[in-house]
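Visitor: Numbering (mature numbering (1 follows the signal peptide of the UniProt record, and there is no 0)) for the sequence shown: -17 to -1, 1 to 160.
Among these hints, one or two may not hold up.
[Claimed, not checked] Simulated restraints, written as ranges between beta carbons of each label pair:
| # | residue 1 | residue 2 | range |
| --- | --- | --- | --- |
| 1 | Ala148 | Asp72 | 15 to 25 Å |
| 2 | Lys87 | Ile14 | 22 to 32 Å |
| 3 | Pro42 | Thr125 | 19 to 29 Å |
| 4 | Thr89 | Gly13 | 34 to 44 Å |
It is worth saying that the hints were derived from the structure and are not from the lab. Since this is a predicted model, take the numbers as computed values, not measurements. Using N, Cα and C, we set each Cβ at its ideal position, and we do this for glycine too.
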Amino acid sequence: MYFKAAVLFSLLASSVALPTATGDRKVKRGILSVQDYSEFQVSDGVAGNALAEVNAKFPIDTSDLASVDASDLAILKAARVTAEAAETDDGGFNDAIAAAGGQKTTTGTALQNGKIKNKVLKLQLQVLALQIEAAQGKDTATKLAAETKKLNKNVQLDKAAAGQASTSVDFQGTSQP
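Construct the complete structure from the given sequences, taking the supplied hints into account.
Guide: So this is what it looks like as structure tokens:
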């Protein structure tokens, strides 16, 4: 009889000792997922709003960068590398603009606008990654200042072309870290 009471009491005591809630602890999980370049590129459509388009595709909470999940940071970095490759690698924007007869043709202008939007994508992802790393304790101040300057220049170029056609390239790549 004492054995049954002891077992019952120990089960009751262990169930009371279980954690009940996370309390004030913040639990951040990744919000981004791996995508093909065609899914996260922002070059199609019209010029003028590239930065907002990038921020919509990569919705990182900039009010709490120190808590950004490592998997999200890795996806941002991988997407940046892919965006840069879409600009400079074979079959990217540089090749497409040359094949279209340069920036002075209608097709070339639309591709150039797409290239600028792609640069905004690449640079905003770089700036976000550097801001996250800084918030998490890494010294990124010098590189962050340089990349922010480039980003601001390309955002202005995008806004200057507002309303003009913008075309992407058919580039193969992903945001897979």
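Visitor: Each hint needs a verdict: does it hold in this structure or not?
Guide: Going through the hints against the structure:
no.: 1; hint: Ala148 <-> Asp72: 15 to 25 Å; in the structure: holds, 23 Å
no.: 2; hint: Lys87 <-> Ile14: 22 to 32 Å; in the structure: violated, 42 Å
no.: 3; hint: Pro42 <-> Thr125: 19 to 29 Å; in the structure: holds, 28 Å
no.: 4; hint: Thr89 <-> Gly13: 34 to 44 Å; in the structure: holds, 41 Å
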